[in-house]
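Student: Residue numbers (the numbering used here), protein chains in the order written: chain A, 49 to 144; chain B, 3 to 492.
Be careful, since some hints might not be right.
[Claimed, not checked] Derived pair list, reagent style EDC-like, types lysine to aspartate or glutamate, alpha-carbon separation capped at 20 Å:
hint, chain 1, residue 1, chain 2, residue 2
1, B, 346, A, 56
2, A, 90, B, 373
3, B, 96, A, 65
4, B, 96, B, 268
5, A, 87, B, 268
6, B, 346, B, 336
7, B, 235, A, 112
If you're looking for bench data, these hints aren't it; they were derived computationally from the structure.
Listed below, chain by chain, are the residues.
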Amino acid sequence: MPVEIDIEHVARLARLELSEEEKARLREQLGAILEHAAKVGKVAADDVLPTAYAIPRSNVLRADEITSSLPVGEVLANAPEVEDDRFKVPKIVEVE
Amino acid sequence: MSELCDLTATELGTRLRAREVSSVAVLESCLARIDAVDARVEAFLERTDDIARGQARAADERIAAGDAPPAAGIPLALKDVLSTRGVTTTCGSKILETYVPPFDCTPWDRLKAAGGVLLGKTNCDEFAMGSSNENSAFGPVHNPWDLSMVPGGSSGGSAAAVAAGEAVWALGTDTGGSVRQPASLSGVVGFKPTYGLISRYGLIAFASSLDTIGTFTRSVRDAAALLSVIAGKDPMDATSLDQPGRDYTEGLDDPVSGLRVGVVREAFGEGVEPGVRASVQAAIDTLSGLGATVTEATLPHAEYALSAYYLIAPSEASSNLARYDGVRYGLRVDGADSIEMMTKTRGAGFGAEVKRRIMLGTYALSAGYYEAYYGQAQKVRTLIIRDYEAAFANVDLLVSPTSPTTAFPIGAKVDDPLAMYLNDVFTIPANLSGMPAISIPSGLDDAGLPVGIQLTGPVLSEPTVLRVANALEGALGFEARPPLVAGSAA
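Using the sequences and the accompanying hints, generate a full structural model.
Tutor: In structure tokens:
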């Protein structure tokens, strides 16, 4: 059975604006894909440990040395809006 | 007589070092081919002719001075998910249409240091999500073997460029088969080495536990040579393995007799085209004729790999793609506040497949569903790795078709995501297990379209995978070229 999804809720979590048409299509497609993907629940037993990385590595540290940073001008040249060498965003708090 | 652009890097290297040809002449041959065919193939998103001409002249000077590494003077193309300083890197997405990276990815950095010549950036499915290259915001790529067909994806532009002689070799990325599947559909060699062998610094991330850089070449020897330039530990990528650099062409011609090869039983079932089955079976017989011991092998959990992949990869993608928020780079669509700005930016900047995967991944990771989907998929990953370990206790390599089908018409599967996802059913397991896998052409089907055979080995078995692929390539003698360029290549 296709899986029922609260598309509005998931889109809000993903910060994704979707048209009504997109929502309808995604509701149908994701339902079908998840129905297929739910197969994973049938095979994996409780005593099987999950794998996050096929070739696990841990505590990969570099030497604590000062190195040059990226060229600030080239980095900021990609930003939609910049002020005083900073990324500028719309207001995020109300000011009295 | 062949054009220079139709030769392999190995052949060109010999002629460059003997001073029979110049890097500039090789480059001009590639540029002429691009001029002749790329309006129809559409492999390139951006050409860097001026950069290439400077690099070719510099390579000629190096070679004249007796300093000629294998990559010197060889024109190459990079998939447009690989960062190139000062050269636009779009990921095939409107959201990064104007992004100019302030640094180079490590593989290009190493190729540049070895005398490489950059032809440009190749088209791909948006953020490497797709199996046909139809998900690019900048239009599809056309298969050089039949321009009405897809070249495969997501690295479709790199595959097509090498198939058509526009580039001598190219880099792509393989998260679920995005190097091997387009190599198979486009009749070239596609190699995905062990996860972590090639640094991903500067590769724009899709699914970090799976993303692997891979090579497109017109011979296995070229794949080994290209890997030798770019592989090895990089302090800039914490996931890169502690492997010293080495020459992977060494031992390439050693015999394969006595080698144990397992034919993956599950990869010859329903859904595999008869033409694919016949070509791959004939190649397996050829391998047997070379003295390899061929037996049957089984990966019992392979049937769950696709499901696990389409939970794990979108989950990681939904997290990785959170960075496209209209603040630091790329598109911004204004909104009343930051949240509205981000939401509108992402709605306008991402295409249908990327939205589908972000939604799928966000759902699979959301409260209440995480264990049932993402958690279970990670357990299936464990089972698939165990399957491989059991198989490799008895055989040295596994063989299967690379893809169940040959190239399909542009537009044929765009409205059916599940049918599209099935393209990767034989390539995904090697990403879930991190193991090296190569696709080489096994022949043509009745329609004249290329078929690929895949060889997979255990972690860090690159020398064995390449040696067997090289022997098989030599025995098969696949010399066909796409009709588009066959006249000049004959």
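Student: If you draw a straight line from the CA of residue 235 of chain B to the CA of residue 112 of chain A, is it 20 Å or shorter?
Tutor: Given pair residue 235 of chain B, residue 112 of chain A holds - Cα atoms ~18 Å apart, limit 20 Å.
Student: Is residue 346 of chain B close enough to residue 336 of chain B, meaning Cα to Cα at most 20 Å?
Tutor: 7 Å, holds
Student: Check whether the Cα positions of residue 90 of chain A and residue 373 of chain B lie no farther apart than 20 Å.
Tutor: 13 Å, holds
Student: Is the hinted pair residue 96 of chain B and residue 268 of chain B satisfied, with a Cα-Cα distance of at most 20 Å?
Tutor: 39 Å, violated
Student: Are the Cα positions of residue 346 of chain B and residue 56 of chain A separated by 20 Å at most?
Tutor: Holds, because 15 Å separates the two Cα atoms, which is no more than 20 Å.
Student: Between residue 87 of chain A and residue 268 of chain B, does the CA-CA distance stay at or below 20 Å?
Tutor: 17 Å, holds
Student: For residue 96 of chain B and residue 65 of chain A, compute the direct alpha-carbon distance and say whether it is at most 20 Å.
Tutor: With Cα atoms ~15 Å apart, residue 96 of chain B and residue 65 of chain A stay inside 20 Å; holds.
Of the hints listed earlier, the one the structure fails to meet is number 4.
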